[in-house]
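Asks: As a plain string of letters, each chain reads:
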Amino acid sequence: MSVLVRRFLVGFSAFFLSFFMLLSTPYSQTRADKLSAMSHITQLPSLSYLSGYLQQRVALYRDSSSLLYPNMLQESKRDFVYAY
Amino acid sequence: MLTKLHFALVLLLRYKNKHLLLFFLMSFLVSVVSSVFFISSSLQKDIAQTLDAQADITLQRFEAGRVLNAPQSWVDDALDIEGVSQAQGRVYGMHFYEPLEEYFLVYGVDLYDTQVVQELQKVVDTLDTEKFLERKNMLIGSGVKRFFDEFAYTDYYIFRPPDRSREKIYIYGVLDKQTDVLSNDMVLMSMQNAKKVLGVEDDFVTDVVIKVANPKELTTIVNKLKMLHFNVRIITKEDIQRYYKNIFNYKGGLFLALYIVTLLSFMLILYQRYSLTKSDELQEVAILRLSGWKIDEIVWLKLFENFVVVVSAFMSGVMVAFVYVEFFGGGVLQALFLGDENLHMCTSLSVDFDSASLFGLFLFFTLPYLGAVVLPLYRATTKDAMEILR
Chain A
1 MSVLVRRFLV GFSAFFLSFF MLLSTPYSQT RADKLSAMSH ITQLPSLSYL SGYLQQRVAL
61 YRDSSSLLYP NMLQESKRDF VYAY
Chain B
1 MLTKLHFALV LLLRYKNKHL LLFFLMSFLV SVVSSVFFIS SSLQKDIAQT LDAQADITLQ
61 RFEAGRVLNA PQSWVDDALD IEGVSQAQGR VYGMHFYEPL EEYFLVYGVD LYDTQVVQEL
121 QKVVDTLDTE KFLERKNMLI GSGVKRFFDE FAYTDYYIFR PPDRSREKIY IYGVLDKQTD
181 VLSNDMVLMS MQNAKKVLGV EDDFVTDVVI KVANPKELTT IVNKLKMLHF NVRIITKEDI
241 QRYYKNIFNY KGGLFLALYI VTLLSFMLIL YQRYSLTKSD ELQEVAILRL SGWKIDEIVW
301 LKLFENFVVV VSAFMSGVMV AFVYVEFFGG GVLQALFLGD ENLHMCTSLS VDFDSASLFG
361 LFLFFTLPYL GAVVLPLYRA TTKDAMEILR
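These protein sequence lines are chains A and B, in that order.
With the numbering used here applied, the first sequence covers 1 to 84.
With the numbering used here applied, the second sequence covers 1 to 390.
Simulated from the structure, these hints should not be mistaken for lab results.
A virtual CB, placed ideally from N, CA and C, is assigned to each residue, including glycine.
Warning: the hint list may mix true and false statements.
Straight-line distance between alpha carbons at most 20 Å, and here's what the computed SDA-like set of lysine to any residue pairs gives [claimed, not checked]:
| no. | chain 1 | residue 1 | chain 2 | residue 2 |
| --- | --- | --- | --- | --- |
| 1 | B | Lys122 | A | His40 |
| 2 | B | Lys18 | A | Phe8 |
| 3 | B | Lys16 | A | Ala32 |
| 4 | B | Lys226 | B | Thr236 |
| 5 | B | Lys136 | B | Tyr156 |
| 6 | B | Lys211 | A | Phe8 |
| 7 | B | Lys4 | A | Tyr27 |
| 8 | B | Lys177 | A | Ser18 |
| 9 | B | Lys4 | A | His40 |
| 10 | B | Lys211 | B | Gln115 |
| 11 | B | Lys383 | B | Thr236 |
| 12 | B | Lys226 | B | Lys122 |
| 13 | B | Lys4 | A | Val5 |
| 14 | B | Lys245 | A | Gln43 |
| 15 | B | Lys122 | A | Phe12 |
The calculated label-pair distances, taken between Cβ atoms and stated as ranges, are [stated by the list, open to error]:
| no. | chain 1 | residue 1 | chain 2 | residue 2 | range |
| --- | --- | --- | --- | --- | --- |
| 16 | A | Leu23 | B | Asn246 | 25 to 33 Å |
| 17 | A | Leu9 | B | Tyr271 | 26 to 34 Å |
| 18 | A | Tyr27 | B | Tyr170 | 30 to 38 Å |
| 19 | A | Ser13 | B | Asp296 | 21 to 29 Å |
| 20 | A | Tyr27 | B | Leu20 | 47 to 55 Å |
| 21 | B | Gly83 | A | Leu23 | 38 to 46 Å |
| 22 | B | Leu389 | A | Met21 | 46 to 54 Å |
| 23 | A | Tyr27 | B | Met227 | 38 to 46 Å |
| 24 | A | Leu4 | B | Thr382 | 28 to 36 Å |
| 25 | A | Ala14 | B | Thr382 | 33 to 41 Å |
| 26 | A | Ala14 | B | Gln121 | 40 to 48 Å |
Work the whole structure out from these sequences, hints included.
Replies: Below, the structure written as structure tokens:
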């Protein structure tokens, strides 16, 4: 076996091994516990997750659904055009 | 066999500049798509974690197409139904900060409930409930903390309830950053304070959440709730799960469509390049044919040479993406899924992925590449070698 082939086999195997070792990193259990705890506390679906547009829509929707807010959103026509 | 392997490696080294260029280009393409794949699957895992702990049914008072605050008595009504293991009223709502058009999600927690306190202690390091209840305190998410810091609300924040009063609430602590997916824009305070801030009357709650002991009884309980009150909207956990799945599929699908266009363009360029009759590769194939190599030997040689390049590029790309998402939180790509309209979110992530999907990505990436490179070379082996050299 030539030096080139040997080096290739060793190098490629090491690369392959490190690839699988890195990918076998498990999902953080601490994170899972904390998220689960937070979810238990609030029982809320993760509203923070909702992307900008949806979040804006949810907010507008909730405003219009008479949850009484400190500063009722002034919905101008321009705001709606922008939102859409 | 070893001689041929040696020859293939010599060829790889001979054209190392060309192979390196392809390697970097492909690694970049793979790392981008893998990052999106990792971020999407990690967020899905996060959401799954949170949804598992959710109540089975959310009951809202729904009249004339609007959601209204529900009477507290609905909690007792729900508990009277056989099969309901737990029911509780929630108080939450958006506090709108008008100058910047930002929202905080104000949520009321029952700090006399020991289970809630135990769970809270997992996400706030130094929580002492007695101290917390001594004055009007609140716990805030990372996004709210950044916002408060920016506007110098270091100690307290004054809410303006609808009755035009002023509610001065002190900042007690910050919720763990790892829960940002849930708590980035969240403000937790005692139930009484939340009611005051949001203007919810004493005998009312925002909605009622219900847990069902036996999932098979869910439909029956939903029907009973509908019979109990006609002005209700019922959202089940499955509805929320379906909703999230749709968002992920929509966003992931949109990105994938763009990626496929990029990948196809890349493959097309490669195919055209390798089809050129004067390319080095074709001349090399012609020389090998004249030296007495069989067609299948040449094809295997070329397959091996390119396979090494494409597999290395794939693995490097995936490793870069993994490190980028796991240790750097996915950077700007995170915004594809999380959005940036409200309080800016830059949460950490923990990668969780499905091996079958990654293998699918591998096939999706390598097969077109090998096809684009090896097919023109295979066609060349069947042509007259002298003509190609001429």
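Asks: All hints, please: hold or fail.
Replies: Structure-based check of each hint:
1. Lys122/B with His40/A: The given pair, whose Cα atoms are some 11 Å apart, holds under the 20 Å limit.
2. Lys18/B with Phe8/A: With a Cα-Cα distance of about 19 Å, the restraint between Lys18/B and Phe8/A holds, given a limit of 20 Å.
3. Lys16/B with Ala32/A: violated (45 Å)
4. Lys226/B with Thr236/B: holds (13 Å)
5. Lys136/B with Tyr156/B: With Cα atoms ~10 Å apart, Lys136/B and Tyr156/B stay inside 20 Å; holds.
6. Lys211/B with Phe8/A: violated (59 Å)
7. Lys4/B with Tyr27/A: Measuring from Cα to Cα gives roughly 43 Å; hence the hint is violated.
8. Lys177/B with Ser18/A: Outside the cut-off at roughly 29 Å; violated.
9. Lys4/B with His40/A: Not satisfied, since the Cα-Cα distance of roughly 62 Å exceeds 20 Å.
10. Lys211/B with Gln115/B: Roughly 15 Å separates the two Cα atoms, so the pair holds.
11. Lys383/B with Thr236/B: violated (66 Å)
12. Lys226/B with Lys122/B: Cα-Cα ~37 Å, so violated.
13. Lys4/B with Val5/A: Holds, at roughly 10 Å.
14. Lys245/B with Gln43/A: The given pair, whose Cα atoms are some 19 Å apart, holds under the 20 Å limit.
15. Lys122/B with Phe12/A: violated (43 Å)
16. Leu23/A with Asn246/B: 25 to 33 Å: Given a distance of about 28 Å, which is inside 25 to 33 Å, the answer is holds.
17. Leu9/A with Tyr271/B: 26 to 34 Å: holds (31 Å)
18. Tyr27/A with Tyr170/B: 30 to 38 Å: holds (36 Å)
19. Ser13/A with Asp296/B: 21 to 29 Å: For Asp296/B against Ser13/A, whose Cβ atoms are near 27 Å apart, the range 21 to 29 Å holds.
20. Tyr27/A with Leu20/B: 47 to 55 Å: violated (34 Å)
21. Gly83/B with Leu23/A: 38 to 46 Å: holds (43 Å)
22. Leu389/B with Met21/A: 46 to 54 Å: holds (47 Å)
23. Tyr27/A with Met227/B: 38 to 46 Å: Since the Cβ atoms of Tyr27/A and Met227/B sit about 42 Å apart, the hinted range of 38 to 46 Å holds.
24. Leu4/A with Thr382/B: 28 to 36 Å: At 31 Å between Cβs, range holds.
25. Ala14/A with Thr382/B: 33 to 41 Å: Distance hint for Ala14/A, Thr382/B holds at roughly 39 Å.
26. Ala14/A with Gln121/B: 40 to 48 Å: Holds, since Ala14/A and Gln121/B (Cβ atoms, about 44 Å apart) stay within the stated range.
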